[in-house]
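There are 2 protein chains.
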Amino acid sequence: MSEPRLNRRITLTARPQGLPRTSDFQLETQAAPEPAEGEVLLRTRFLSLDPYMRGMMDEAGPGYAPGVRLGQTMVGGTISEVVESRNPRFKVGDTVLSNVGWQDYAVSDGAGLTPLGDLPQPSLALGGLGMPGFTAYVGLLDIGEPKAGETVVVAAATGAVGSVVGQLAKLKGARVVGIAGGVDKCRHAVEVLGFDECIDHREPDLKQRLAVACPDGIDVYFENVGGDVLDAVLPLLNLHSRVPVCGFIAHYNEKGGAHGTDKRTQLLATILARRVRMQGFIILDHYTDRFAAFRRDMSQWIAQGRIRLQEDIVDGLEQAPAALIGLLQGRNFGKVVVRVTDE
Amino acid sequence: MSEPRLNRRITLTARPQGLPRTSDFQLETQAAPEPAEGEVLLRTRFLSLDPYMRGMMDEAGPGYAPGVRLGQTMVGGTISEVVESRNPRFKVGDTVLSNVGWQDYAVSDGAGLTPLGDLPQPSLALGGLGMPGFTAYVGLLDIGEPKAGETVVVAAATGAVGSVVGQLAKLKGARVVGIAGGVDKCRHAVEVLGFDECIDHREPDLKQRLAVACPDGIDVYFENVGGDVLDAVLPLLNLHSRVPVCGFIAHYNEKGGAHGTDKRTQLLATILARRVRMQGFIILDHYTDRFAAFRRDMSQWIAQGRIRLQEDIVDGLEQAPAALIGLLQGRNFGKVVVRVTDE
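From first to last, the protein sequence lines are chains A and B. Using my numbering, the letters of the first sequence map in sequence onto residues -2 to 340. Using my numbering, the letters of the second sequence map in sequence onto residues -2 to 340.
If you are wondering where the hints come from, they were derived from the structure by calculation, not from laboratory data. Keep in mind that a hint or two might mislead.
Said to hold, decoys possible - Here chain B is said to cover these stretches of chain A; the calculated rule only asks that three of the stretch's residues, wherever they fall, bring their Cβ under 8 Å from a Cβ of chain B: (1) 77 to 91; (2) 239 to 246; (3) 264 to 278.
For each residue, glycine too, the CB sits at the ideal point set by N, CA and C.
Please put together the full structure from these sequences, using the hints given.
In structure tokens, the structure reads:
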């Protein structure tokens, strides 16, 4: 009999205050589970790392789901391979989109598994062809509704979501101004992704430089960072501008409590005076209605070279905590995917 | 020859810090203007007082228009009578909706004058049949989009806008919870206007009492006050709720600067987690598209007794400053109209 399969998993062991530390996670090894009748055993090939995971580390969760309990496996989207099957819908060797979290193996009864067929680069199903790309598509196109000639601003411009937002806005004929951390990211946004301009938020005078880059104001601000970027955007919002609200990576590591003036009043006054439509969305709501259209459009745009996707591949499950911390600090360059195994 | 007509007017003499004082205004008397060929001389019968006027007292204005200059006549909507006419479109005795501000007489070339015909109660053209009623109509119906069985919350529940918002929401089959200052206003909201509940914000525990009054959460919050009411509303907003943003009477007299925690973060987190659509609007944008429908619908609902309007009539132009200050403090009961003359 062969050796029993060992499952490495990373659990949450402490709730972070502010930025997580690697000591908030723990790597454990135990026997892999055995699939019961009707189940499959999945082996994780790729694990997606995404900003929402910071919210899952809080007891209250990110607002739309409860947090991970202490001692439980961290959640996350995965690309997995079926390595045992007792379910007639799946055969050994199938590649599926799954959601089994930060571990090597998991069993599933097949609910929530999406077969990926022979996707040439399966990790894209965690990025541009998956949740982050779909987030950009729904948020920008359905809520932001950019029109040709309008100005679209997006931060985290080379990230998994922001990079697609900006390229979609260019496809719609908008002027696109990105915001990113560092010269290299900004160069990539302009030279590779085709943004009209990209502003390095690490340099001083963000407000002034954004104003110069947006001489006709801002018609769509895709909100994924909050903080100083939002401060710089608000005075530039045009009449009837749209602000799809996707997330606030700048806020995720705040410890809460007082810091400065009441910016809510200023935000509300801008929404009123500029007739802004600000709308939050959680991508989970939109799969039924819009995922098929997204997958069709995006596959075509990728094939045509009109959308370019940048992956930041990290090797080894044990690197996931440090990679998530880096992501929350903006250290990544493109969509962060952990290659759990390349066997 | 008869005595020359004297024009009393109230000018802005100082920019208020916080709540205005009567000393920020000045009553002046001068000769009334003479109409040139093509003009009419208007005599003000009723002057509307509205919360937006506080913003007009600031140099920067309320955000969508510049403020009144020092020494200039305070702006405001009026019901006027044509007392001299050198314009063939108007004859002496015509009653018109106008915008000549806080004064007895003004000349006009006819632009912006709306003949009111034989409206039985012309002051309603400043309230339920005018800008405040139209604000309620567009904000609630077009942006709030209440559905039967949903819960609608509106503050300033007996005010010119809030009272119509709540009654329109009832017409649409919603459960309506008002918020108002004092027992008498709350009783009026429930017994006369037909709200399901009304909460007195002067009593303690607003948050808890609002939660009890909204056991199924809040689907539409018509934002016209901000401040503590918004604090109480945010935790109760349902998924996919709508927040038409009309104004913030609680903020208008803030002096700015620091006060407490950064509530913007909390607001943004709620918008995201609850997929809230928050949309500012300025009623001036909507006259072309929607005013005819509003006037038709509202006239019918008033005639049918389905919408009831409460006016708070103040006698005498010289009372306007104190009446505006009272309005900003919530001392009025219904739409505030100054009866400038009843001759």
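We went through each hint and held it up to the structure:
1. By the rule of at least three residues with a Cβ nearer than 8 Å to a Cβ of chain B, the coverage given for the region 77 to 91 of chain A is violated, with 0 such residues.
2. Coverage of a stretch by a chain is defined here by at least three residues with a beta carbon nearer than 8 Å to that chain's beta carbons; for the region 239 to 246 of chain A and chain B the count is 4, and the condition holds.
3. For a cut-off of 8 Å, the count of residues in the region 264 to 278 of chain A with a CB near a CB of chain B stands at 15, and the three-residue condition holds.
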